[in-house]
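Participant: Using the sequences provided together with the hints, build the complete structure.
Quick mapping for you: the protein sequence lines, in order, are chains G and F.
Read in order, the letters of the first sequence are residues 1 to 570 in my numbering.
Read in order, the letters of the second sequence are residues 571 to 912 in my numbering.
It should be emphasised that the hints constitute simulated quantities derived from the structure, not laboratory data.
Here a beta-carbon is modelled for each residue, glycine too, at the ideal position from N, C-alpha and C.
All clues stand as given, with none of them false.
Across the chosen pairs, the derived CB separations fall in these ranges: (1) F:D733 <-> G:G228: 35 to 41 Å; (2) G:S134 <-> F:E839: 40 to 46 Å; (3) F:E600 <-> G:L395: 52 to 58 Å; (4) G:E547 <-> F:E839: 42 to 48 Å; (5) F:R601 <-> G:L383: 18 to 24 Å; (6) G:D150 <-> F:N862: 24 to 30 Å; (7) F:S626 <-> G:S134: 54 to 60 Å; (8) G:K102 <-> F:I685: 54 to 60 Å.
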Amino acid sequence: MIQKKYIVVIALTLCSTITLGQGKKVWASGAARSVFQQNKLNSAGDTITPTNLNSGNTLVDVALNARPNANTFVHAMVRVRNDFGGFWGSGVTFDMRQMYLKGLVNDAVRYQLGDINYKLSPYTFFNNQEELSSHQSEVLNIYRDMVHYDLFYTDDNTWRQQGAAVDFTLEFSKAVKELQVNSFMFRNRPTDFGQSSERIFFGGNATLLQSDKLAVGLNYVDMMDVLGTSRSEMAFHNPVITGTTEIHQKVNAYDLSFTSESGISEMYTLNDPNAKGLRDYFYDLDLKITRGDKLPSLSVNYINVGPQFRSVGAQSRRINFESQAQMFNRYGNDQVVRPVTQLDMMQDASLYQPTLSMELQRFAPQYDNVQPYGKATPNRKGLSVNAIHSTNNELINVDATYRMLSEVVGQGTDELRTFNVIDLSALIRLDTLMPTFKHPLEVSLGITNQNTQRDIALDTADVDFTSTMVDLGVKVGLSKDFAIIGSYRMINAKGLEFLNTRNDYSEIVDFERFNTEMNQSIMSVALRYTFDEKNHLNIVWQKLNYEDAANSETPAFDLSQFGIVYSMYF
Amino acid sequence: MKMILNKTSIMNRFAAFVVIGTMVFTVGCERVTEPEGPNLTDLYGDFTVLEDFKTSQDDVDFSANETVYFSARFSTITSWTITIKSSTSDATKIIEGRSNLINEENGTWDGSTTIFPSFGTGACTVELWTEADSSKQNANVNVTGLRVPNGTVVADFEAINPDWNIFAQSGANMSFKLASDKTVPQGSRYFDMGGAVNWDWLIGLIDFPAKSVGPNGFGLSSNPNESYFNVALYRPDTITNGVVLFQFKEDENGDGNFNEANEDMYSVELKGLDAGWQIVSIKYSDMVALENGQPTAPKGNGLHNPDKLEMISCLFLANPSSGYSQALMDYMIFTTDGPLKL
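Facilitator: This is the structure:
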């Protein structure tokens, strides 16, 4: 422990010394955060669970950045964390958070080694947003942003991986503008020298840019076990190949954009007599029409994703609903496992997973029953319509989507489930109407309604499941630096669904009845002081109510939370 | 202008060709169109018992390699549990399944035990519980002979073998000894490993050299896929900090000794055991070399050579700051026809 402290101190000293001595060749960057929370759980009649829970920690991420020459960049970040209550070194942890180097070879080929954020397309390699994240009032992002930062989740849907990536561009003088080539290879799992082989994930993309109006591309990824790295003769494979097209055309005053992606996937295990290979295809067609800023932009999308389409890089989920919430994980006199709520999803990093998963993981229908694996969700087809509009003075921004989807093949029956989704989010900037009011005055609204239906001759296996989420947010600027932000979000889910139980080869072997009548709401209010764009102090109060009338084994409860959150990036 | 038109026209044709081409290529692939998963009618239709629960025979002699199976048939798939209880002890065997048919494939009892002690001879009651209607049906079976596991017994812990090397730290409440005050999976005694050592992870260890088993050593074949290492372990309800580490040391050069610098040592590290007795089984070829608990490359020829196994060491460990720890051990045996069933 003491040695590690010395290493950090020496690294920082060295860093500052070199920075001062040689200008910007070596410099420090990072982040700091301090969180303190008081939590109180209340469940009627519960005489066993301790009702109060306090927690807090301070952490500092310190990165050493070095540019030894014009074409090379090195970055290493260490995390020092101290949980409140640990004094004089006890409770302090030191971890290597990330490390990479990148550079340019011959002014043409870019490379990166070590920790890498990477993505391709929504069907090949894509980190889909977690449930409820499409509509989040600003106050709900205070804790969520911390989880995202800790797990390297970014808004551009990249996955954090370890390995190597190379990209370059070839420019042409005739017919074709340029050819962009990206390739990567990541180590997904090390061997244990026994029955578990080394697993790698590799692939790339080549995009031919004919002009600003036309681009065609090819994506290929494969998750595979490397034979010979262990004594196992079995080798998992999941190759996916897709083609993409992007066409932009102006017709009269309308800008038309047509994009498409289609492809095939396979999933099989070599030398495993029990493994049946899965093979399927998908296609995704999207047409977008815009006409200046005065009219809304309209998009129409059609997808068809086969039931056996498997793409580990695109179907891995962020939240693992088979894990348990860390805070008050059991409650009630029967000490049952507390259900995962929207509060846990916002701030419990232990529910999230940072790596790709070989299996289609369990999802929670009450939060998303339609496309829980993103656009690559298998066994879905149908149409979506989207409209986006902003008024000229930015008073109103609206984004509305309607999705009409169904299954491609039935599950346990020939009859198909149908899915209908209404998605609406709006931001109203009232301060634009009040020239004398110099601070933000905003109201936001998010509504999502999902309905799933399946009618079959067997009444006990009918599906009728509806969930609704409404999020109302407000932001009031009190001065240049102070603001009050608040939100009320409620989620209702009601009805009967059947969850899939899959075997090790991703085949459905059973259906589990899922019946719920859940109501949960969260009220959040925060006072925010902004030191600068990257430096905030928030004092947050939240109260969550949860009940599920259809499941008496999980009694109703409420959870209130007071927190102080300071965050800074430098 | 004409030039531009021609270029645009070529571009549009190329774009159409690309889009249609990729679509045709994609959709040209075959797709399975049958419904996924089991038929919902088989799962959630009306439940009735089509064939009553019964046994294949009234008496069974497991020592003569006989088995008994139970049968029943239902109109829908349901979860079911068969519980066999000895009338003379607490020995219990539980067989669980989910199907609409119970038969020789999924309802056979080979004389093994789920909850120890092992079964003795005598009458047993058998109960079938079905989830769909929560009903129970009963039957009886009489055990006339006990099953005898095939394999090489390394230690049954009925007595201390003088060839074993036993070391225990001088900690608090140490109990590295034979004991007999608890139910045991086999025989009447077990080995009690317990104590509190606040300066070291190691609480104690036992070495089982090849010569302690017999003149032919462990007598294993050269095929690592044939040999299974089995041991019965017990974790007390309130103790969760124990780690049982087995080391398998091979004498690859045949000099009668294991050299850790250039010969293979494979390990099995057991944490988080269930409370109570349980049988732990691992195929010899599945064992890995460990260094500080992490897989590493073996230091010898890298091949699993069970026929060259020179010594098994059992180390009982616990975090020195975690206080008292304890685990019980019984019936260590190599089997060749699969994991041990007692």
